[in-house]
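S.K.: According to our numbering, the sequence shown is numbered sequentially starting from 19.
Check each hint, because a few of them may be wrong.
What the hints assert, rightly or not - Quick list of in silico lysine-lysine cross-link-like pairs, PhoX-like style, CA-CA up to 25 Å:
no.	residue 1	residue 2
1	K227	K67
2	K227	K217
3	K67	K248
4	K217	K118
5	K217	K67
6	K248	K23
7	K217	K23
8	K217	K203
9	K227	K203
As the list claims (entries may be wrong) - Beta-carbon label-pair distances, calculated as ranges:
no.	residue 1	residue 2	range
10	P123	F49	33 to 43 Å
11	Q50	F233	24 to 34 Å
12	T44	P216	14 to 24 Å
13	T261	D184	41 to 51 Å
14	I25	L200	22 to 32 Å
15	Q226	P72	28 to 38 Å
16	E211	R32	19 to 29 Å
17	E183	N210	19 to 29 Å
18	E26	N122	36 to 46 Å
19	Y202	K118	33 to 43 Å
20	V168	T60	51 to 61 Å
If you're looking for bench data, these hints aren't it; they were derived computationally from the structure.
Only a predicted model underlies this, so the values are computations on that prediction, with no experimental measurement involved.
Quick reminder that beta carbons are idealized off the backbone N, C-alpha and C, glycines included.
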Amino acid sequence: MSTHKAIEDSYCLRDAEHQDGTNRYTFRYNFQWRNIIQEHLTVSVRSVKLWLAPRHLWINGLQVHTSKGTDPTGFNTTITGSMSEFNDKLSGMENAVGYKVYYNPVNRRLIFDCADNNYFNYTSADSIDATMSEDLKVITGETNFHSITVLHQDTNNYIDAFCFEDVWDRENVHVSASFVDLGYKNFLGVSNEQFIPPKEYPISFTDQKFTIELFDSTEQPVEIPSLDNKDTLLIELILNSYT
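Please take these sequences and the hints and turn them into a complete structure.
M.R.: Here's what the structure looks like:
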């Protein structure tokens with residue numbers, strides 16, 4: 019008759035090995051479990067939980083100039099949930115200088131778009147002639163957006179839209195795990211789902227670590243902001259040994 023032993027454990031992103039700029043996180047298995055040899059081992063996943071802290075989004079140093087006037091303040095708002103909430107707040111935003119701001123979840127862009135077919139230009143507050151990529155700071159929490167793109171620039175350097183690239187929509191993430199060796203791209207599941215019964219996968223006793231990778235619904239890599247450790251992901255595992 020076989021004997022079954024189980025260790026329940028939780029793994030948090032804060033405890034993972036992670037290189038900034040990547041969506042890959044590496045965890046070491048429980049110490050007791052790593053010392054088990056010559057037994058049949060499996061790992062069962064009970065849930066993957068994504069916790070998001072409220073975030074204040076602000077744009078510093080942006081001056082937008084149109085035929086209707088100049089706005090030196092940019093905008094700011096607080097996001098308590100997903101980017102869809104943020105998008106709802108932005109959808110009705112059109113002030114005296116005549117531009118709109120909205121989030122496009124398909125290509126992960128935060129876009130400033132000129133209203134009424136007008137054109138506008140922009141500078142940073144630090145220097146009237148400064149380029150946006152050098153001096154404009156765009157921050158969510160304490161994490162800088164990766165890049166800025168100008169759309170539809172004419173010969174006079176006036177534009178009708180510009181956008182901030184690679185803005186995470188804060189929706190549930192898709193999780194791939196190294197111990198899932200049968201599914202598409204090692205797909206484990208979606209965050210904030212309870213797996214009933216737990217998903218169980220065989221593991222070699224030589225395995226000391228496992229890795230996960232995070233993606234959004236369009237299969238774009240997602241890196242959870244880590245500077246203040248307020249946003250995190252928690253994996254609940256059951257480590258099984260059979261003799």
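S.K.: If a hint holds in the structure, say so; if it does not, say that too.
M.R.: Here's how the hints hold up against the structure:
no.: 1; hint: K227 / K67; verdict: holds (20 Å)
no.: 2; hint: K227 / K217; verdict: holds (18 Å)
no.: 3; hint: K67 / K248; verdict: holds (14 Å)
no.: 4; hint: K217 / K118; verdict: violated (45 Å)
no.: 5; hint: K217 / K67; verdict: holds (15 Å)
no.: 6; hint: K248 / K23; verdict: violated (34 Å)
no.: 7; hint: K217 / K23; verdict: holds (17 Å)
no.: 8; hint: K217 / K203; verdict: holds (16 Å)
no.: 9; hint: K227 / K203; verdict: holds (18 Å)
no.: 10; hint: P123 / F49: 33 to 43 Å; verdict: holds (41 Å)
no.: 11; hint: Q50 / F233: 24 to 34 Å; verdict: holds (32 Å)
no.: 12; hint: T44 / P216: 14 to 24 Å; verdict: holds (22 Å)
no.: 13; hint: T261 / D184: 41 to 51 Å; verdict: holds (49 Å)
no.: 14; hint: I25 / L200: 22 to 32 Å; verdict: holds (24 Å)
no.: 15; hint: Q226 / P72: 28 to 38 Å; verdict: holds (37 Å)
no.: 16; hint: E211 / R32: 19 to 29 Å; verdict: holds (21 Å)
no.: 17; hint: E183 / N210: 19 to 29 Å; verdict: holds (26 Å)
no.: 18; hint: E26 / N122: 36 to 46 Å; verdict: holds (42 Å)
no.: 19; hint: Y202 / K118: 33 to 43 Å; verdict: holds (38 Å)
no.: 20; hint: V168 / T60: 51 to 61 Å; verdict: holds (52 Å)
Comparing the model with each earlier hint shows violations of hints 4 and 6; every other hint is respected.
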